[in-house]
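Student: So the sequences go chain by chain: A and B.
Read left to right, the first sequence gives residues 2 to 344 (the numbering used here).
Read left to right, the second sequence gives residues 2 to 344 (the numbering used here).
No lab work stands behind these hints: they were computed from the structure.
Mixed in with the good hints, there may be bad ones.
All copies of an identical chain are treated as equivalent in the list; a pair is satisfied when it fits inside any one copy or across any two copies.
Claimed, not checked - Using 30 Å as the maximum straight-line C-alpha spacing, the simulated DSS-like pairs for lysine-lysine come out as follows:
(1) 189 / 145
(2) 182 / 240
(3) 76 / 189
(4) 179 / 189
(5) 296 / 76
2 protein chains.
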Amino acid sequence: MPELRRDPVIGYWTIVSTERSRRPLSITPKPQAPAAQCPFCEGRESQTTPELFALRSPGSPANGPGWNVRVFTAKNPLLESDSQIDRYGEGVYDVMEGAGRHEVIVETPRHDTDIDSLSIAEIEGVLSAYVARFNALAEDHRFKYALLFKNHGVTTGAPSQVLRHSRSQIIAMPIVPKRVKEELASAKSYFDRRDRCVYCDILRQESRSGQRTVAENEDFYAFCPFAARSPFETWVFPKTHSADFGRLQSSDLGSLARILKQCLGKLRVLLDDPPYNLILHTAPYRHKKRETSWKTIEEDYHWYLQISPRLTRSAGFEWGTGIHINPTPAEDAAQLLRETPSE
Amino acid sequence: MPELRRDPVIGYWTIVSTERSRRPLSITPKPQAPAAQCPFCEGRESQTTPELFALRSPGSPANGPGWNVRVFTAKNPLLESDSQIDRYGEGVYDVMEGAGRHEVIVETPRHDTDIDSLSIAEIEGVLSAYVARFNALAEDHRFKYALLFKNHGVTTGAPSQVLRHSRSQIIAMPIVPKRVKEELASAKSYFDRRDRCVYCDILRQESRSGQRTVAENEDFYAFCPFAARSPFETWVFPKTHSADFGRLQSSDLGSLARILKQCLGKLRVLLDDPPYNLILHTAPYRHKKRETSWKTIEEDYHWYLQISPRLTRSAGFEWGTGIHINPTPAEDAAQLLRETPSE
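Just need the whole structure built from these sequences, with the hints factored in.
Tutor: Right under this line is the structure:
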């Protein structure tokens, strides 16, 4: 059973996932599994846990071929449990049982295809799976937050990361992470002062100046954030204020698929298929429960997707200060991305 | 001129160091310079900026051979300026001129030696250089904080990181980073509630249980922190309460040198010379100025050294939540380190 441990001073949580590896040497990344053994490919459905969601051709049975998108529980879940959540103290320390869900969203049945190479209709399918699983996990009253993310070309050393097959992950957890709480608290404090969403204000300023714009369509706006922590970091925002990704309308899936394909394609062309993380920032599940301290989130928060190429690596300075070093100003990054075709 | 930019929501600062590289392709790490060209080696003193501090054999002139430890300004400083600090807003954004100092502390005249292979007396020399430069930079009224750190075997992609020669860095800056403020605020809030230093309480609990102890001597105590964010993370604390590394007595240098050599040596033997960061956590310069809101730091904060091997790599989950995944519980890591000889 993984364990959540809280630092008694700063308050960050760590997941101690003891079942993954207890010995130092097994931390070394394993070599990539060849395509011939990939359990995420069409035809090897029996090698994964049973599917929780799939977009399938009419009549194809579950856990067999015939799908475009397929979701199942991770084989080595980071968090997992069906039980109630055990919380206790050990002197000055706080511990919580690592209850949660960890699902894998396989974006394509084909092994060597990346999400930005899929058709708009196929990407719409992936996005609809995001929305469906994000909302399904909200039904479990134990979970306060879910992170939806994608690691592309990133080696983490965890056993689940050795496969190339294009996929995203969603991890539901019994806490709202400190980083997320901070973002929500700041957005709330801005709204309290000004009666405006801080992100709507940012979008207005960016759209007026245009110097950090990467791409835009009728529903979404993509730009390099002013204080980008990594070179070519790009944020994709819905133009209409909305705090909850789970309420994304199916009529918006097409325009989100188009801008995502465009942004990821530009990165691939400009930087020669760089490793990147895609991270969803959205309101925690708690606000759905109408808890008093969370009920203002609807008006003061704004969901968005963060795309962060991983071209630099953090070292002592970044770890010690939390300040990142970005060698490429957002204006230069955005101009290069604007001028680059997406394929 | 580098620029500090603040994210308008969460409030983190980013250093946009435009002079290092404006083009995407120059981000790729350069190959290591061969020893024959290393500007940090004895005999090549003219290739660095003029020395600010050195431990030299009697009679040897500055900026020539004959030293054990040598400090100078970095050739590509992250922050640098002699001017007053310009601060301004750009709509919702905050910008500050990247004023600061960035110094390199070369720990040995020999190219292929690491700090833990030096003699105790030589490591004492390095530590005395740390204290001297930390206190010298405090004299500049523009600086509120300095981070002292060391990257060992870590590739960051920055041009200053391509050399192997063993060294530390100290960067003085015009802000107290958000991460540091959080740590100080939490320590203060603990003290306000209990009239005890939180770190003294942690040390007492760790020393009683002993299960996370790595090493110990008369003045210092080293252990793996309960919520360690990376496998084999180790913290080294002075046993006697002290908030300010700058007040380290010369009588304590020997015992600090001994425990540091021991901890780093154990890591090298157990994990085959892993990359690591060494980070100093200490009170900001502000408290010296007796500003009201900082004057309690003397009693509620406690300086320490953090040693973090970099065996895993952060990806989408860590970036999105701030929660790190540690496959090796602190108790297991500490036991392995305790049982490992330091050479």
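Student: Taking the hints in turn, state whether each one holds.
Tutor: Evaluated hints:
Proximity of residue 189 to residue 145 under the C-alpha cut-off of 30 Å is found in both arrangements, the shortest distances being 18 Å within a copy and 29 Å between copies. In the homo-oligomer, the alpha carbons of residue 182 and residue 240 lie at most 30 Å apart inside one protomer (23 Å), although the nearest pairing across protomers, at 34 Å, exceeds that limit. For a Cα distance limit of 30 Å, the shortest separation of residue 76 from residue 189 qualifies neither inside one copy, at 38 Å, nor across copies, at 43 Å. For the homomeric pair residue 179 and residue 189, the shortest alpha-carbon distances inside one copy (15 Å) and between copies (19 Å) are both at most 30 Å.
In this assembly of identical chains, residue 296 and residue 76 lie within 30 Å of each other by CA distance neither inside one copy nor across copies; the values are 36 Å within and 52 Å between.
Consistency note: the structure conflicts with the earlier hints numbered 3 and 5.
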